[in-house]
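Student: Residue strings, one per chain:
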Amino acid sequence: MLRIIGGTVYDPANGINGEVKDLYVADGRFVSKTEEGQTIDATGMVIFPGGVDVHTHVAGGSINFARAMTPEDHRRTQAFIRTKTRRSGLGGMAPTTFATGYLYAGMGWTTVNEAAVPVLSARHTHEELRDIPILDKSSLVLMANNEIILDLLEDGEDERAKHILAWHIWAAKSYGVKAVNPGGVASWKWGKDAKHLSSKIEGYDHITPGVIINKLAKMVDSLGIPHPLHLHCNNLGAPGNVETTLETMRHLEGSRAHFAHLQYHAYGGDDWGTMKSEAAQLAEYFNAHPNMTTDAGAVLFGDTVTITADGPWQHLLYKLTGRKWGNLDVENETGCGIVPYTYRPSNLVNAVQWAVGLELLLLINDPWRVFLSTDHPNGACFWRYPEIIQLLMCADFRNDCMAKLPPEIKNRITLPEINREYTLYEIATITSAGPAKALGLPHKGNLGIGKDADFVIYHHDKDIARMFGHPRYVFKGGEIVIDDGEIREAPQGREYLIKPSYDPNTDDFLKPLFEDRYCMSFENYPVEMERIEHAQIQNCDATDATN
Amino acid sequence: MELKVIENATCTFCGCVCDDIELHADDVRIHQAKRACVLGKAWFLNHTAEHKYPDALIDGQPATLEEAIQVAADHLYQADMPLVYGMSNTTCEAQRECVEMADLLGALLDSHTSL
Amino acid sequence: MQKSKFLPRGRKDRTVVLVDIRETKSAKAADLFLQVRPGKDFEMLTILRAMIKGEHVTDDQVAETGLTTDVLQDLIERMKKAKFGVMFFGMGLSMTRGKHMNAAALLTLAAEMNAFTKFVAMPMRGHGNVTGADVIMRWQTGYPFGISFNRGYPRYNPGEFSTVDILVRGDTDCAFIIGADPGATMPRPAIEHLAKVPTIVLDPHVTHTSRLSRVHITTAPAGIAAPGTGYRMDEVPMPLRPALNSPYPSDEEVIRRIKEAIAEKPDWMTDQPQMIFSQV
Amino acid sequence: MKPITLKLKREPTVTLEAEVICPDGFAEMSHEQIAASVVYHGKRQVRLDEFFDIEGERSEHLVLHGSLQRVRHLGRGMSCGSMTIHGDVGMHLGALMKGGQIEVFGNVSDWIGAEMSAGEIHVHGSAGQQVGAAYRGSLAGMRGGLIVIDGSAGIEVGMRMRKGTIIIGGPAKDFAGLQMKGGTIILRDGAEIRTGAWMHRGTIISLKPLALMPTFAESGQYNPTFVSVFSRLLRRHGFELPNDPAKGVYQRYAGDRSVPGKGEILIWKGHPEG
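Residue numbers (our numbering), protein chains in the order written: chain X, 6 to 552; chain F, 85 to 199; chain W, 65 to 344; chain B, 78 to 351.
It should be emphasised that the hints constitute simulated quantities derived from the structure, not laboratory data.
It should be emphasised that the depicted structure is a prediction, and the values quoted were computed from it without experimental measurement.
Each residue gets a CB set at the ideal place from its N, CA and C atoms; glycine is no exception.
A hint or two may mislead.
[Unchecked claim] Label pairs and their calculated CB-CB ranges:
#1 X/H294 x W/G156: 55 to 61 Å
#2 W/K117 x X/P350: 43 to 49 Å
#3 F/D143 x X/T90: 54 to 60 Å
#4 B/L216 x F/H108: 52 to 58 Å
#5 F/D143 x W/Q336: 55 to 61 Å
#6 B/K86 x W/D331: 53 to 59 Å
#7 W/K260 x F/D110: 42 to 48 Å
#8 W/K144 x X/D468: 24 to 30 Å
#9 X/T279 x B/S308: 48 to 54 Å
#10 F/V122 x W/K144: 32 to 38 Å
#11 B/K79 x W/K260: 41 to 47 Å
#12 X/P350 x W/F180: 54 to 60 Å
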């Protein structure tokens with residue numbers, strides 16, 4: 006039990022904007038009052054709900070491959086020394102699982118969503134998630150290039166496809182549906198891509214990326230999945246791709262959708278030489294269409310490793326950089342490419358990317374619909390979020406950074422014309438309350454009575470990056486996990502799952518199709534429930550979903 | 085005696101890790117390993133549930149499991165630079181324990197891959 | 065063999081090329097067998113890398129590998145025409161002179177083939193779940209093998225922290241061996257060091273290594289009498305379905321109990337910072 | 078400046094990681110501070126004076142005596158001063174070195190001068206593997222400085238080196254100059270196989286015939302002037318490179334074409350009469 010007194014509270018979920026307010030915790034939740042337990046005097050300090058990351062890559066085959074590919078980075082990064090009760094770990098571009106928990110919690114984040122899980126890798130992903138301490142976790146299963154589902158959509162068997170989709174979500178013990186470059190990854194199996202919504206998909210005559218996206222979004226809504234279709238659009242990272250992105254948004258009118266790492270999808274120009282920001286155009290459309298949420302996928306300058314299920318993009322990046330390239334192929338389901346990368350301010354393309362991420366965050370006017378992310382580790386590592394918060398809150402700092410960009414950037418970005426500075430309330434929204442709502446986790450990102458007592462106490466500091474990088478206390482489930490930079494406890498977190506309903510005959514229908522396509526026994530494919538530690542099954546409510 | 089049938093059993097003899105094996109077993113041994121290759125059949129049929137070896141050996145002499153665990157822990161704890169090696173023919177669950185033990189011990193940790 | 069939408073005739077739609085230093089039984093199963101001269105695999109792969117880029121290599125230079133320019137040109141044409149190529153490699157490549165560089169040559173060729181068509185490469189693992197060990201070490205320590213925790217955090221350096229080298233140099237004073245029988249397979253100086261220091265063995269059988277060890281503990285064989293998980297060499301984890309009940313405990317249980325017995329003793333590492341920024 | 082002397086008094090039973098033995102740190106330290114510096118015997122932290130008799134203090138010149146085969150990371154990242162070592166030395170000697178001099182009267186193990194950027198290492202005995210190389214995963218090995226090995230060397234000499242010079246007096250094993258990106262390797266007694274494999278740029282000079290990779294092409298014979306310049310610089314290390322047209326010529330090979338790279342390998346061909 007715990008009393009936190011005198012703190013200045015920012016709790017957007019309850020409309021509390023910087024009020025001095027006492028908080029009480031019992032049994033891991035906020036309660037209206039308790040007289041017992043430790044009292045923490047937070048006078049003069051700032052209290053936020055614990056951070057929620059709607060889109061990150063922290064567990065599974067691809068980040069684990071990235072770890073293997075970057076020993077040089079592990080050597081130069083910070084190392085967590087083991088203690089009697091805590092495992093050792095390495096930070097850096099692709100941190101180890103234990104370090105992932107320490108680093109996220111260290112800056113006040115307490116819930117993360119692993120955004121890309123191939124069904125065959127789901128068992129592996131859950132094993133890794135179990136080894137990420139402190140945080141609560143959820144994961145999304147990749148579905149937009151699944152051969153069985155695409156075949157059914159090709160034949161117009163949409164209802165059947167929906168049951169198969171639900172079956173896969175449960176088989177993977179996942180929390181929702183991720184679509185990556187719909188149709189494009191399927192084509193990449195044959196070395197081809199599908200860049201536009203009307204592109205041909207190798208091996209299919211009727212369906213196009215547009216059809217897949219549209220149908221998947223409707224299925225997700227009709228199954229009542231708490232988080233909308235989580236979409237990585239086609240044509241990622243290419244100059245002029247804003248057309249594809251806008252086309253996708255138009256396709257999705259009437260459905261809920263979450264657009265992942267929008268920064269990578271907001272470019273104009275015809276080629277790398279003429280590439281420019283189209284964030285303003287995209288933000289304008291987005292602002293007018295409340296059915297969508299997005300995360301920034303912001304870029305920061307420096308080293309990182311890029312990983313994505315978007316194999317075609319990764320091969321292009323490898324050719325552009327001439328560096329290491331890893332390419333995974335997951336039997337029949339999806340693929341994944343991995344390339345270490347350095348974003349440089351002197352590189353015009355990188356400079357545009359840096360600006361686009363910030364422009365989207367600043368030009369999308371509803372903080373409940375745009376969330377802080379770097380698509381870790383693609384745009385930058387998650388532990389650099391405090392730097393982005395500083396860029397959003399301090400226009401002067403932003404202008405200082407812009408002064409270092411090449412002069413040719415002038416007509417390619419709109420960032421210099423934007424004066425907006427985020428308030429603490431808005432930061433609490435884009436880092437916690439907003440993503441928690443979009444994920445459909447009402448007990449997260451919320452300091453109200455009965456909600457999970459995951460929260461952060463920051464010192465007021467003019468140096469915003471330092472303030473958010475070094476919280477005074479971090480609480481997870483009412484327990485102090487970080488105390489002035491020291492990791493106090495590293496408890497096991499929960500895993501959120503959903504069990505959407507599907508036709509009980511689905512197994513019988515699916516088995517022969519499955520056995521035709523995969524070289525794994527159908528019965529061995531679903532992840533067993535016993536493997537999920539501290540599993541928590543969230544409700545699917547078809548009537549709720551469109552609210 | 086009625087044989088127990090295990091469907092979709094997984095063979096861990098080699099890296100292919102086939103998982104479509106049908107095993108027919110009594111309490112002591114596996115009599116049939118359908119769909120397994122020559123190597124897999126030998127693997128399944130050569131292991132039994134007999135108490136063929138002592139539970140443990142300390143300096144070559146039979147010992148109880150508990151004694152052996154204590155002696156093993158003492159040696160590992162006292163060593164200045166212990167080595168944890170192997171981990172091929174075992175489960176992931178045991179491998180995780182190995183890595184955790186090596187972390188706790190400050191040990192060297194290596195698998196067959198380095199050979 | 066699997067029939068699929070794209071390869072409806074199964075095996076007939078696939079091409080198998082076997083490269084080896086001698087004609088093995090597998091050659092009969094292949095469409096094409098290339099006999100490379102022993103010790104010339106790195107050279108052959110490097111020539112292929114040059115040739116796919118249109119770089120000229122003379123007939124005499126190709127002949128060093130025991131193959132001809134025509135044969136390699138034909139191979140390249142077949143590879144470029146493939147819709148989806150996979151290169152499997154085994155210990156004949158990665159454990160002979162050149163070792164990791166031979167494997168690197170194949171991996172690089174596979175990466176470079178993607179300029180023309182889809183290609184991937186995969187090691188064939190001789191031992192059951194060695195892939196599982198790789199995968200777990202990667203997520204828990206950042207490195208796949210060859211690790212030292214002696215400074216309180218993981219460090220990696222194959223050659224320095226790999227077992228044969230450690231044993232031959234005598235860099236360890238206690239060895240814990242599980243799921244392996246180095247006493248039967250390693251070079252003599254390594255085995256001699258294992259016999260010299262206290263060695264602890266967990267195995268379903270009393271092995272060569274058990275016989276030179278201070279402690280042997282009999283455990284239930286994984287997948288036959290002990291449940292759990294095993295990784296396929298393409299990194300897909302499979303559940304194990306044991307058919308027997310063993311009179312012996314599982315590896316997992318024994319290691320956990322040893323670990324707990326160690327944890328009860330006083331910690332030897334004290335006053336360490338939580339984190340350091342400059343590693344050794 | 079009077080040097081600090083360290084004599085090994087007790088043989089380590091496992092490895093002894095002693096990156097603290099480095100001129101930069103010891104230059105500022107009292108005798109007691111040096112004696113109390115922490116080294117790692119295996120996983121145990123122990124005082125330096127448990128293994129060494131130490132004389133002197135506050136000096137950037139270090140003299141070591143003893144069989145130091147198990148002692149690793151000596152002079153790691155050193156930027157000034159000198160280390161003179163009488164005895165055999167373990168791995169990582171002078172790795173990441175930024176300046177100063179190391180001289181070894183004995184043999185050295187693997188990874189000496191790995192990823193060093195400046196300074197000099199002279200080994201009078203032989204060296205192990207990966208002299209001046211890049212650590213696993215790094216894009217660049219040695220970035221500057223000089224390494225001279227009088228004796229032989231193991232595999233992967235100068236792997237991924239970018240700048241600087243490595244001279245091997247005795248034979249080198251496989252993969253000398255592997256994936257080299259710049260700098261110069263001089264092989265006075267040749268090398269085994271795969272020399273210069275996958276090299277991008279840089280120069281390998283061999284005074285003995287080499288079995289070259291099939292992906293190198295002959296590209297002329299000449300007596301380059303830079304060899305004479307180089308030779309003058311190396312004279313203080315006690316040897317010269319032949320370059321008299323009357324006595325012979327360098328056969329030039331270009332490659333590695335698999336990269337495709339623009340490296341060169343020069344092999345000295347003495348005239349039969351010369």
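Student: Against which earlier hints does the structure fall short, listed by number upward?
Tutor: 2, 3, 5, 6, 8 and 12
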